[in-house]
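Asks: Sequence:
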Amino acid sequence: MKTKMQTNCDDFDSLIYEYDSLPSTQTEAKRLALDGVKKAIIVTKEQTRGRGRCGRNWESPHDGGLYVSFLITPHIHPSNIHLLNFAAGLSVVFHLRNIHGIDAALKWPNDVITETEGKLRKICGILTEAAINGEDVKYCIVGIGVNCKLAAIPPELIYRACALDEYIDDTDNRVLLEGITNEFYKRLECLELGDTENLLQEYISSCSTIGKAVRIETGDRIINGTATGIGSTGELLVETGNGIEKFSSADVFHATICL
Numbered sequence: 001m002k003t004k005m006q007t008n009c010d011d012f013d014s015l016i017y018e019y020d021s022l023p024s025t026q027t028e029a030k031r032l033a034l035d036g037v038k039k040a041i042i043v044t045k046e047q048t049r050g051r052g053r054c055g056r057n058w059e060s061p062h063d064g065g066l067y068v069s070f071l072i073t074p075h076i077h078p079s080n081i082h083l084l085n086f087a088a089g090l091s092v093v094f095h096l097r098n099i100h101g102i103d104a105a106l107k108w109p110n111d112v113i114t115e116t117e118g119k120l121r122k123i124c125g126i127l128t129e130a131a132i133n134g135e136d137v138k139y140c141i142v143g144i145g146v147n148c149k150l151a152a153i154p155p156e157l158i159y160r161a162c163a164l165d166e167y168i169d170d171t172d173n174r175v176l177l178e179g180i181t182n183e184f185y186k187r188l189e190c191l192e193l194g195d196t197e198n199l200l201q202e203y204i205s206s207c208s209t210i211g212k213a214v215r216i217e218t219g220d221r222i223i224n225g226t227a228t229g230i231g232s233t234g235e236l237l238v239e240t241g242n243g244i245e246k247f248s249s250a251d252v253f254h255a256t257i258c259l
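Numbering of the sequence shown is given in the working numbering, commencing with residue 1 and proceeding in unit increments.
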């Protein structure tokens with residue numbers, strides 16, 4: 001069952017599509033895009049086939065988290081689409097910090113993590129997909145999944161995942177959605193104006209991966225080293241036995257914990 005309502009966000013004047021259950025907010029956003037919708041927020045209480053990066057499953061039990069996808073038609077070059085991941089991750093981090101006082105950070109490229117008793121655990125994942133025609137971006141879909149209820153996390157994932165209700169008593173998903181939306185659209189506007197430098201600097205200051213011993217898995221290689229920084233296009237710079245290597249897409253594991 002779907003309902004539609006206007007958002008209360010100062011920077012966003014599109015429609016929210018709310019559902020009780022969906023296979024995936026990403027899939028529904030794509031359906032809307034193919035129907036000609038240019039801008040929308042798709043949010044559901046449950047995903048039966050939620051998706052993470054690399055086709056992984058994202059556990060999405062009923063009322064267990066915030067499951068949302070932003071359908072946008074950004075005026076950016078296709079080469080900058082990956083920066084939408086950074087914008088989304090930073091939006092979650094800044095909302096959690098500024099509104100809830102949670103010491104959230106980013107694990108490259110776009111996982112949001114927190115630290116509890118010295119343990120780093122994932123509280124949010126992000127998935128961006130896009131349709132491109134030559135130099136034009138037809139549409140992008142930015143999915144954000146925030147763990148809100150600890151009880152909804154499978155027991156086997158507790159050691160590496162956490163939830164919002166471990167930190168705050170009130171986990172109002174509407175407040176969470178509006179806060180993240182405002183932060184995301186502020187950064188999207190900067191990207192559309194070509195201001196990638198400030199976004200990258202903001203990302204660098206919030207990235208916990210920098211300075212960490214890491215293991216990089218690219219599919220055909222496993223590389224160990226120390227993350228030393230972020231490149232001018234968002235790539236991870238890693239000091240290895242062969243010098244500095246750059247990674248634009250890879251699974252990254254901090255030496256102390258695999259997230």
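Hints should not be assumed to be uniformly reliable.
Derived Cβ-Cβ restraints for the label pairs, each shown as a range [as the list claims (entries may be wrong)]: (1) Ile-223 to Leu-34: 19 to 27 Å; (2) Leu-150 to Gly-243: 15 to 23 Å; (3) Arg-160 to Gln-201: 39 to 47 Å; (4) His-75 to Leu-150: 36 to 44 Å; (5) Asp-165 to Gly-36: 37 to 45 Å; (6) Ser-21 to Pro-154: 29 to 37 Å; (7) Thr-116 to Lys-39: 21 to 29 Å; (8) Ser-232 to Pro-155: 21 to 29 Å.
Just so you know, these hints were derived from the structure itself, not from any lab.
All values reported here derive from a predicted model rather than from experimental measurement.
Quick reminder that beta carbons are idealized off the backbone N, C-alpha and C, glycines included.
Asks: Against each hint, give a clear statement of whether it holds in the structure.
Replies: Here is how each hint holds up against the structure:
no. : hint                           : verdict
1   : Ile-223 to Leu-34: 19 to 27 Å  : 39 Å, violated
2   : Leu-150 to Gly-243: 15 to 23 Å : 43 Å, violated
3   : Arg-160 to Gln-201: 39 to 47 Å : 29 Å, violated
4   : His-75 to Leu-150: 36 to 44 Å  : 40 Å, holds
5   : Asp-165 to Gly-36: 37 to 45 Å  : 38 Å, holds
6   : Ser-21 to Pro-154: 29 to 37 Å  : 19 Å, violated
7   : Thr-116 to Lys-39: 21 to 29 Å  : 36 Å, violated
8   : Ser-232 to Pro-155: 21 to 29 Å : 42 Å, violated
The structure fails to meet hints 1, 2, 3, 6, 7, 8 from the earlier list, while all remaining hints are met.
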